[in-house]
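Enquirer: Whole structure, please, built from the sequences with the hints as guidance.
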Amino acid sequence: MTTPHAPETDNGWTEPPATAVLVLADGTVLEGQGLGAEGKATGEVCFNTAMTGYQEILTDPSYAGQIVTFTFPHIGNVGANDEDTETVNAAASSGVRGAVFGAAITGPSNWRSAKHLDQWLKSYGISAIGGVDTRALTAFIREKGMPNAVIAHDPAGNFDIEALKREAAALPSMEGQDLVPMVTAGQRQDWTETVWNWPNGYGKQDKPAQRIVAIDYGLKRNILRLLSNTGAEVVVVPATTSAEDILALNPDGVFLSNGPGDPAATGEYAVPVIRQILDKGVPTFGICLGHQMLALAVGAKTQKMHQGHHGANHPVKDLTTGKVEIVSMNHGFAVDRDSLPANAEETHVSLFDGSNSGIRLNDRPAFSVQHHPEASPGPQDSHYLFQRFADMVKAHAKTRA
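What the sequence shown shows, in this note's numbering, is residues 69 to 469, in sequence order.
Hints in this document: simulated from the structure, not taken from any laboratory. There could be a bad hint or two in this list.
[As the list claims (entries may be wrong)] Derived DEER-like restraints, expressed as beta-carbon distance ranges:
1. Pro240 x Asn268: 45 to 51 Å
2. Gly244 x Lys391: 32 to 38 Å
3. Ala238 x Lys369: 24 to 30 Å
4. Thr82 x Ala158: 41 to 47 Å
5. Thr82 x Leu419: 42 to 48 Å
6. Pro240 x Gly107: 17 to 23 Å
7. Asp94 x His184: 33 to 39 Å
8. Glu336 x Val263: 30 to 36 Å
9. Pro141 x Thr82: 19 to 25 Å
10. Ala410 x Gly271: 38 to 44 Å
11. Asp94 x Asn318: 51 to 57 Å
12. Ala159 x Thr389: 38 to 44 Å
13. Gly254 x Gly175: 32 to 38 Å
14. Asp201 x Ala238: 22 to 28 Å
[What the hints assert, rightly or not] Subject to a maximum C-alpha distance of 25 Å in a straight line, what follows is the list of computed PhoX-like cross-link-like pairs (lysine-lysine):
15. Lys190 x Lys108
16. Lys372 x Lys385
17. Lys183 x Lys108
All of these numbers come straight from a predicted model, not from anything done at the bench. Glycine included, every Cβ here is placed at the ideal spot set by N, Cα and C.
Expert: In structure tokens:
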């Protein structure tokens, strides 16, 4: 799958020289045009099938440690702005390490655009490569799994390919990596912003009735907006916050956020905290990594997926209602349904591969989903989950009144 420079044709036309390369761990080399920040980016290569939302994807902390290949050919057509950033922790700046595009970045044509995507990539320090056969790369990942790789971007086109091959081959597996520390909040913060509404933009929650504590394993802003939109005061705490400190905030509910890396590694310190919260009977809701954390806390196991689920067109069946939802997904690990204990019931399942996509506990007020209900691909097929959590939180608050 190496893509060398095309030879000169009879009419004198030649392929432009490569200003970026993507080198996979198996030695595969893909040449293209450098975009975004100059330099190198290393990580696990996945592909995302979403047709929209590239800025949200590129700032999703769940992608920490990864290089995202976009299967949709036109990336950049709505530009970039300050409102569509998903990262909560400003110090983390971005979720991804690099990006792969099938073509050059499309010029922006949207009234909300404030910056060309290439400029935006530079400002976030994200190295990217365009002009890659993303169909071939996607097929490669489907067949062989998500490889480690290096993106090198040099306008002069000077690349030590053999050194890059060695570097890619030496990169560690995603298994066993706890990547949450690089994206979690550094300190407690209060969140009041609510969802975006035309024509006023984002709102503000100024009359909260209950308190939700959100544990930040790599939170997305729109999750917090939807939690706040239910009428709750939302308090964000770092991933390593103790159960004692969380319970001292007197939460009516606890939210377990999305995030990157191997859930088993994060679970070393997260699971004991979640168990104490569950033992206190506090309503608990988890999304993505938070779903995996809840499963681990009740004794289930997680497993690495072959190619993961990344995109905004994933059909998931709600086993409770029988309805099928179109959802957004972003995960490379999954809960092993066969390891679920008797007090955990499977509630959602992926119709792509049958993998677990949700659970609820039958002895405590807790549930979680693998997909991202806040991402609105359906566009609002899964928003009921936030109302379900809000109802649990309100019921719990009444018992404490």
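Enquirer: Can you give the numbers of the hints that this structure goes against, from lowest to highest?
Expert: none
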